[in-house]
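Student: Here are the chains, one letter per residue:
Protein chains: 2
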Amino acid sequence: MTRRPGSPPTSPTKTGLGQEELRRNNLSALLTRVHLHGAISRASLTRELGLNRSTIGALAAELEDLGLVSERLPDAVRRSGRPSLVLEARRDNTVVGVDIGVDRIVTALVALGGEVLLQRQRPHAPGEHDVEHVIESAAQMIEEVLAARPDVRCLGVGVSVPGAVREADGLVRFAPNLGWVDQPFTEKLSHRLGRPVFTANDADLGVLAEHLRGAAVGYSDVAYLNGSVGIGGGFLVGGVPLSGARGYAGEVGHLLVDGAATEPCRCGNVGCWETKAGENHLLVAAGRLPGGGPDGVAEVIAAAAAGDQRATEALEQVAEWIGVGLRAVINIFDPEIIVLGGSLAALWRSRQAVIESVVDRWTLMTPRRDVLIRSSAFGLDSPWRGAAELVFAPLLADPAGVLDRVASGAVAAR
Amino acid sequence: MTRRPGSPPTSPTKTGLGQEELRRNNLSALLTRVHLHGAISRASLTRELGLNRSTIGALAAELEDLGLVSERLPDAVRRSGRPSLVLEARRDNTVVGVDIGVDRIVTALVALGGEVLLQRQRPHAPGEHDVEHVIESAAQMIEEVLAARPDVRCLGVGVSVPGAVREADGLVRFAPNLGWVDQPFTEKLSHRLGRPVFTANDADLGVLAEHLRGAAVGYSDVAYLNGSVGIGGGFLVGGVPLSGARGYAGEVGHLLVDGAATEPCRCGNVGCWETKAGENHLLVAAGRLPGGGPDGVAEVIAAAAAGDQRATEALEQVAEWIGVGLRAVINIFDPEIIVLGGSLAALWRSRQAVIESVVDRWTLMTPRRDVLIRSSAFGLDSPWRGAAELVFAPLLADPAGVLDRVASGAVAAR
Numbered sequence: 001m002t003r004r005p006g007s008p009p010t011s012p013t014k015t016g017l018g019q020e021e022l023r024r025n026n027l028s029a030l031l032t033r034v035h036l037h038g039a040i041s042r043a044s045l046t047r048e049l050g051l052n053r054s055t056i057g058a059l060a061a062e063l064e065d066l067g068l069v070s071e072r073l074p075d076a077v078r079r080s081g082r083p084s085l086v087l088e089a090r091r092d093n094t095v096v097g098v099d100i101g102v103d104r105i106v107t108a109l110v111a112l113g114g115e116v117l118l119q120r121q122r123p124h125a126p127g128e129h130d131v132e133h134v135i136e137s138a139a140q141m142i143e144e145v146l147a148a149r150p151d152v153r154c155l156g157v158g159v160s161v162p163g164a165v166r167e168a169d170g171l172v173r174f175a176p177n178l179g180w181v182d183q184p185f186t187e188k189l190s191h192r193l194g195r196p197v198f199t200a201n202d203a204d205l206g207v208l209a210e211h212l213r214g215a216a217v218g219y220s221d222v223a224y225l226n227g228s229v230g231i232g233g234g235f236l237v238g239g240v241p242l243s244g245a246r247g248y249a250g251e252v253g254h255l256l257v258d259g260a261a262t263e264p265c266r267c268g269n270v271g272c273w274e275t276k277a278g279e280n281h282l283l284v285a286a287g288r289l290p291g292g293g294p295d296g297v298a299e300v301i302a303a304a305a306a307g308d309q310r311a312t313e314a315l316e317q318v319a320e321w322i323g324v325g326l327r328a329v330i331n332i333f334d335p336e337i338i339v340l341g342g343s344l345a346a347l348w349r350s351r352q353a354v355i356e357s358v359v360d361r362w363t364l365m366t367p368r369r370d371v372l373i374r375s376s377a378f379g380l381d382s383p384w385r386g387a388a389e390l391v392f393a394p395l396l397a398d399p400a401g402v403l404d405r406v407a408s409g410a411v412a413a414r
Numbered sequence: 001m002t003r004r005p006g007s008p009p010t011s012p013t014k015t016g017l018g019q020e021e022l023r024r025n026n027l028s029a030l031l032t033r034v035h036l037h038g039a040i041s042r043a044s045l046t047r048e049l050g051l052n053r054s055t056i057g058a059l060a061a062e063l064e065d066l067g068l069v070s071e072r073l074p075d076a077v078r079r080s081g082r083p084s085l086v087l088e089a090r091r092d093n094t095v096v097g098v099d100i101g102v103d104r105i106v107t108a109l110v111a112l113g114g115e116v117l118l119q120r121q122r123p124h125a126p127g128e129h130d131v132e133h134v135i136e137s138a139a140q141m142i143e144e145v146l147a148a149r150p151d152v153r154c155l156g157v158g159v160s161v162p163g164a165v166r167e168a169d170g171l172v173r174f175a176p177n178l179g180w181v182d183q184p185f186t187e188k189l190s191h192r193l194g195r196p197v198f199t200a201n202d203a204d205l206g207v208l209a210e211h212l213r214g215a216a217v218g219y220s221d222v223a224y225l226n227g228s229v230g231i232g233g234g235f236l237v238g239g240v241p242l243s244g245a246r247g248y249a250g251e252v253g254h255l256l257v258d259g260a261a262t263e264p265c266r267c268g269n270v271g272c273w274e275t276k277a278g279e280n281h282l283l284v285a286a287g288r289l290p291g292g293g294p295d296g297v298a299e300v301i302a303a304a305a306a307g308d309q310r311a312t313e314a315l316e317q318v319a320e321w322i323g324v325g326l327r328a329v330i331n332i333f334d335p336e337i338i339v340l341g342g343s344l345a346a347l348w349r350s351r352q353a354v355i356e357s358v359v360d361r362w363t364l365m366t367p368r369r370d371v372l373i374r375s376s377a378f379g380l381d382s383p384w385r386g387a388a389e390l391v392f393a394p395l396l397a398d399p400a401g402v403l404d405r406v407a408s409g410a411v412a413a414r
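Heads up: the sequence lines are chains A and B, in that order.
Numbering of the first sequence is given in the UniProt record's numbering, commencing with residue 1 and proceeding in unit increments.
Numbering of the second sequence is given in the UniProt record's numbering, commencing with residue 1 and proceeding in unit increments.
Please note that a few of the clues may not be correct.
[Unchecked claim] To give a feel for the contact side, a few chain A residues facing chain B, derived at Cβ under 10 Å:
(1) F235
(2) V237
(3) V240
(4) Y248
(5) G250
(6) V252
(7) G268
(8) G325
(9) I332
To be clear, the hints were calculated from the coordinates, so they are not data collected in a lab.
We put the beta carbon where it would ideally sit given N, CA and C, even for glycine.
Sequences and hints are given; from them, build the entire structure.
Tutor: Below, the structure written as structure tokens:
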């Protein structure tokens, strides 16, 4: 299943008691604090959450019983009197974050608190990114990661895919760059693993990761653009993820930007933004073979820096088209910040002046200087980092309820 | 000033008392009910709002004291016993809704409860849509409307403009089709009238009107597209108006759809959607003069129906481009419903099959049949109807507080 971060968990234990709900909200606030911002003393928690000492003590004890946090004495006791215990997330609570890329699969074991315990990457075998091969490869990689750390418990698997994911059941509606249409990917992978699987679109997960821990912390109107073979968009609008009626919003890669174009897009159309600003257009324009991925993009940038004229011209041309797309994003969303991820981050660093000049020339109401444009904090890793947060989200919202369900196998049966 | 509907009013009387806040929320709920849905008995209110009879009685009495509602006996008393009094909005509470169009100004006196008491329209004098002329014309028309009804009280003036309006102070940042840049329109009109003025973008107001009373009642992911010389977009995302960081979001008219175009857009660019699907492109392609407005569009549609080949070809071509833009809107927002307003409504009714076939051909994940496409319920009137609702919004949120401020002149001084 896929779930939007921030959506309320459907708790089977909900009794309608105000007291019970209050306790759940407070547990949630405390666990979210240590998950996102690290170790903290009881005394600081009392101040930050506006709760009294005995309430904090009771909540901490409950989270400790659940195995989610541990308490220890502070590193240095500064003055006499009873020291305030320090709470931190227990890193033996983990999730697996997975990125199904167009060229590779990444798996990572991520602990509560955000630490990445280990990470694996494997390219797709040539011609083997059909859904059955990908499910089997991903499942094996997930099992390897978990086998390497038998000392931790796994609370679920989050998967990023480069396509449109139906919010209701994680069906991959359309992933043109993998050639998938209407694939019940999530159901099949969950069945194969015997574990709960949460799937969402790569750019929607990218904006989540960047908002929670990366380049967009503290901003509520955020555009995250993820460049690879395609270009995906993930958006926060007034702090709320743009999801759309069915979960398919944000497909900026298929904006028509060139009515005169003839190169076909894998979506079936011509003139889409990603055919002009995606990796393969750059590679081909620079005289390389398509399919080179982020490494190919890096090679073109290096060649241009070394004086390769064709690489330089290709970069300038692609930078112009990146500017055209950013202009559309600014005119439609008026964001505070645009975060560029995947290969767009490298292209931005390489050709920032060209991109800025196009944006400045053609942006209507929002002078570009009012919009921050930044590289992603996590580079190619934002999608799987967001996928990990997707799994943590229901735990953070209702720690006791989710662990009850994990223990009873109710979640794993999905 | 401009204020987003639904944003909390800044009440100077807020004391922090929970009881006081509760009373304000209940007054708001009751007045909103009669404003949007008409007369209702106390008994039905008790059920709908979940409040007891005595609370409803007290709230009704307070709103009656404020002159906002009246109570009467029901039209027919069906059974013995004490009849339940019926509440309705008092129509002597009014606002003026104004639409500054590219070709004309509309003013309307709108009563609490939504009835349009009277309406005036006047074309701009040739060459006279500079900001000073428009302010003077609009002010005279507003005064005429109010002079015609000395028996009502006016709670403020709401204005729709075809451009980007800064949320903070109603400054018109950029209205390319009027030739305005950074005009303190709201401040000047308010000063000229000695009344509070609330200004917002035409399409943002259109989506508000359609959502509250028109074609999009009950939907929370809504795209409203308003066609005139330009094309404006107003969006609800998960029930929340898309405003952007500075209030400039939604400018879909300047999406680049044709990289090969040469006709300049008034924004300074080429290839913008509105240069392909706006009124003037149709008129010129059909061999007419630009600037004919909605009447010109209607004439072209009638000529095509009568066999005019050039008009037919122009309509087909514009319908294709409308489809291209709708496709972008669907791919970006995945809305439940698209409402077409202004001249786009007439073009939709005339060439629905062409538009649908383009949308079907090129829409990625959301089969078009899942997206409702409808004509606006209010045609050309959505923007000024939304402008009226913009003025009612703070009254509905805090009836007593706003009337206090109106009485003391605190609002009029803005």
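Student: Please go over all the hints and tell whether each is borne out by the structure.
Tutor: Hints, one by one, checked against the model:
For F235(A), the interface hint holds, since its Cβ comes within 10 Å of a Cβ in chain B; the closest pair sits about 9 Å apart. Here the hint on V237(A) is kept, as its CB sits about 5 Å from the closest CB of chain B, short of 10 Å. Interface restraint check for V240(A): the shortest CB-CB distance to chain B comes to about 6 Å, inside 10 Å, so the restraint holds. Among the interface hints, the one on Y248(A) holds; its C-beta lies about 4 Å from the nearest C-beta in chain B, closer than the 10 Å criterion.
Look at G250(A): its Cβ gets to within about 7 Å of chain B, closer than 10 Å, so that hint holds up. Given hint, V252(A) at the interface with chain B, holds; its Cβ is 6 Å from that chain's nearest Cβ, closer than 10 Å. Hint status for G268(A): holds, given a least beta-carbon distance of 8 Å to chain B, under 10 Å. Look at G325(A): its Cβ gets to within about 9 Å of chain B, closer than 10 Å, so that hint holds up.
For I332(A), the interface hint holds, since its Cβ comes within 10 Å of a Cβ in chain B; the closest pair sits about 6 Å apart.
Of the hints listed earlier, there is not a single one the structure fails to meet.
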